[in-house]
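Engineer: Sequence:
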Amino acid sequence: RSEKDPYTLMRMIEVNILNTLKTIEQSKQCGVKKYFCVSTDKAANPVNMMGGSKRIMEMFLMRESQHIDISTARFANVAFSDGSLLHGFNQRLEKKQPIVAPSDVKRYFVVPQESGELCLLSSLLGENRDIFFPKLSEELHLITFAEIAEKFLHRKGFEPYLCENEDEARKLIKELPQKGKWPCLFTPSNTTGEKDFEEFFTPNEIIDLDRFQNLGIIKNGLADNSNKLDYFLDTIFEMRKRGKWAKEEIVELFHEIIPGFGHEEKGKYLDSKM
1 RSEKDPYTLM RMIEVNILNT LKTIEQSKQC GVKKYFCVST DKAANPVNMM
51 GGSKRIMEMF LMRESQHIDI STARFANVAF SDGSLLHGFN QRLEKKQPIV
101 APSDVKRYFV VPQESGELCL LSSLLGENRD IFFPKLSEEL HLITFAEIAE
151 KFLHRKGFEP YLCENEDEAR KLIKELPQKG KWPCLFTPSN TTGEKDFEEF
201 FTPNEIIDLD RFQNLGIIKN GLADNSNKLD YFLDTIFEMR KRGKWAKEEI
251 VELFHEIIPG FGHEEKGKYL DSKM
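Its first residue numbered 1, the sequence shown is counted upward by one per residue in my numbering.
Take the hints with a grain of salt, since some may be wrong.
Lysine to aspartate or glutamate pairs mimicking EDC-like chemistry, simulated, CA-CA at most 16 Å apart [as the list claims (entries may be wrong)]:
| hint | residue 1 | residue 2 |
| --- | --- | --- |
| 1 | LYS219 | ASP208 |
| 2 | LYS22 | GLU64 |
| 3 | LYS181 | GLU168 |
| 4 | LYS195 | GLU127 |
Bear in mind the hints are in silico, worked out from the structure with no lab data behind them.
Hey, can you work out the whole structure from these sequences and the hints?
Structural biologist: Printed below as a string of structure tokens:
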């Protein structure tokens, strides 16, 4: 999910877009009647390359839905899933490292069982081109990473101790845990691709909030963007054929394909944070 260099970006495109198209083609060849795959809340008004790649994937799904029934789901963050920031909290406790999180970024979270149920319901009950999403209240369910970190530490028997900087946090990790406290560094986000809050749909999308009590559905029609999608594939394959490409090329291509793509390069990434 990292976008720090052009090669991880190309891998992201391969996994989220090219491999999806491969499995759709395999499904059609084998006579499969229904295809499902996972999208993300980051595909709604995307501001990072992960969300952008999933949005382009959705565009391809809609085109392929002319040949096979397709449904998908936009997820919230799966709490403590491998590679997530919350998963990192557990690892930091095990390694006796300070807890670090953005203080101003809010996210929706679901547990693994809820994510599995969302996939199953979309697979079984989703109509062609439906995108399912959980009905979550902004007032009740949006929570900052800092709030989750504090609740997590309380659950583990520690009192969060707020530090002013990285040096203080590194110093105090050697002495505070023995006193029942854990050093934390919560700072405003300054990395590329971070939204202040997540959303599941945009004002331009047609939403059905009546069919299910706890799920919403984005209803999609066919879009006239086939030439644009062919151009995307041709450009990506040309980059891969020459064996060398720049991150800026891929970002520019995403801007050409996704209307209103909100990517803002800040030159800082989560990989480089403490």
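Engineer: It remains to establish, for every hint, whether it holds in the given structure.
Structural biologist: Evaluated hints:
{"no.": "1", "hint": "LYS219 to ASP208", "in the structure": "holds (7 Å)"}
{"no.": "2", "hint": "LYS22 to GLU64", "in the structure": "holds (11 Å)"}
{"no.": "3", "hint": "LYS181 to GLU168", "in the structure": "holds (14 Å)"}
{"no.": "4", "hint": "LYS195 to GLU127", "in the structure": "violated (30 Å)"}
Hint 4 from the earlier list is the only one contradicted by this structure; the remaining hints agree with it.
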